[in-house]
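Numbers given in the working numbering equal positions in the sequence shown, counted from 1, plus 37.
Simulated from the structure, these hints should not be mistaken for lab results.
The structure displayed is predicted, hence computed values, not measured ones.
Don't take each hint at face value.
Distance condition first, Cα-Cα at most 25 Å in a straight line; then the derived BS3-like pairs of lysine-lysine [to be verified]:
1. 61 <-> 127
2. 157 <-> 89
3. 61 <-> 157
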Amino acid sequence: GMLQSERLLLSWIASSSSIFNQLKEYLSPDDFCEGIHKEVAQYIFSEMEAGKQPDPAALVDKYSDPEDQKDIARIFHTEEALKADADKSKAISETLIKIKKATIERENEAMDPGDPNLFKKKIEDRRFIDQIEKLRINV
């Protein structure tokens, strides 16, 4: 589901500054569901932007709820068993597209159906998804 996709993408960007740097133009912490995933995304983005490697233990220590701690650990230890780099590259692209489409859907649902900007936004969204679909991630 969507949470698994988010965990995978967070795990990939946290483990590789190269992957993070390729995706940061297309992705933001706001693309992640409210709650722990969004908070972890904010942490990973701020650490990576500062040129630091995210430290899962330091993040876990900021939370007192054992469920939150478990969720954070799960995010950092989610790794798809992808043997070939080409498979991983394709999986990252597909996961990014899935998450961005969900973000776009949430944004469009929040807009008034009579909003004259909705049609224009949908065209821009389609263009953006087309751009991501052409993206080749180097792993």
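Results of checking the hints against the structure:
no.: 1; hint: 61 <-> 127; verdict: 17 Å, holds
no.: 2; hint: 157 <-> 89; verdict: 38 Å, violated
no.: 3; hint: 61 <-> 157; verdict: 24 Å, holds
When the structure is compared with the earlier hints, a violation turns up for hint 2 alone.
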